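For the record, the sequence lines run as chains A and B. Following numbering that gives the first Met the number 0, the numbering of the first sequence begins with 0 at its first residue and continues without gaps. Following numbering that gives the first Met the number 0, the numbering of the second sequence begins with 0 at its first residue and continues without gaps.
Hints in this document: simulated from the structure, not taken from any laboratory. Keep in mind that this is a model prediction, so the values were computed, not measured. Take these hints with a grain of salt, some might be off.
You can't tell identical chains apart in this list, so a pair holds if it fits in one copy or across any two.
With a Cα cut of at most 25 angstroms, we get these calculated SDA-like pairs of lysine to any residue [to be verified]:
(1) 42 <-> 62
(2) 42 <-> 2
(3) 42 <-> 78
(4) 42 <-> 9
(5) 42 <-> 54
There are 2 protein chains.
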Amino acid sequence: MSSSFVILAEPSRRAILRLLASSERSVSDLEQQLRLPQPSVSKHLRILREAGFVQARVDAQRRLYRLRPEPLMEVDAWLAPFRRFWTPHLDALERHLDRVDSKSRRRRKQR
Amino acid sequence: MSSSFVILAEPSRRAILRLLASSERSVSDLEQQLRLPQPSVSKHLRILREAGFVQARVDAQRRLYRLRPEPLMEVDAWLAPFRRFWTPHLDALERHLDRVDSKSRRRRKQR
DNA sequence: CAGGTATATACTAATCTGGGTATATATAAG
DNA sequence: CTTATATATACCCAGATTAGTATATACCTG
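Put together the whole structure using the sequences plus the hints.
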């Protein structure tokens, strides 16, 4: 199980994810959009699937792939400690997120 | 010139960046923190430097490395089209904050 | 069942990468 | 100038990865 960053290191895989960001797509659809040989697309999709980036559902002979956000969320979270380098007033932002979070906590039932 | 994602695919390099997120550090400092052989550290630093992730300044025999945010900002920007998957409405926002925030809370308490 | 379409997998060769070791360079200190 | 310290580079090797090609599997249609 490679890290999400290893998965994203491959340009074709990032391209696949970008396409899936807008909508669910079949293998042949991706193949045409990216002008990649079909086995390449299938191999990248397998890697993306095993890493949890995408999910397939069966539609007759086709497999329709759609995005799963979890691994990208982890990448997003990894970036968090670095955002203070390009986001002004991090303290204010943190206070803001804490407020939003505590509000939603209050609104929900206790965990 | 490899993409920023290729640079970040290497765990030791991500560890170096995390350490540099808190402060400037010398090579031997990184070497001890990460328990890596010195040539490994220097090699990774070279790759990080050439990709613009870090910058060195000379201090006697030592080289002090510090973070440069630009490449990480690009990664952050690449994630933008995907954020709607975990921040479209409040419920998803809550789930995201629950995961990310519990980590940062722990980190904050330790100080 | 036969033929066609869609997708997955197996296999190979070429390339790339990181670890390990040895060595080179730079600066300081005596 | 000599030695010590800090860092960088050169070189080789073993493992991993990708593209390319061929082939297998799954499902539909007639």
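Consistency of the hints with the structure:
Taking identical chains as interchangeable, the C-alpha atoms of residue 42 and residue 62 lie at most 25 angstroms apart only when both belong to the same chain, with a minimum of 14 angstroms there against 43 angstroms between chains. Taking the shortest alpha-carbon separations for residue 42 and residue 2, both the intra-copy value of 17 angstroms and the inter-copy value of 21 angstroms come in at or below 25 angstroms. Taking the shortest Cα distances, residue 42 and residue 78 sit within 25 angstroms of each other only across copies (23 angstroms), while inside one copy they are farther apart (28 angstroms). Proximity of residue 42 and residue 9 under a CA criterion of 25 angstroms is satisfied in both settings, with 12 angstroms inside one chain copy and 22 angstroms between copies.
Proximity of residue 42 to residue 54 under the C-alpha cut-off of 25 angstroms is restricted to the intra-copy arrangement: shortest distance 14 angstroms within a copy versus 37 angstroms between copies.
Hint check: no violations occur; every hint is consistent with the structure.
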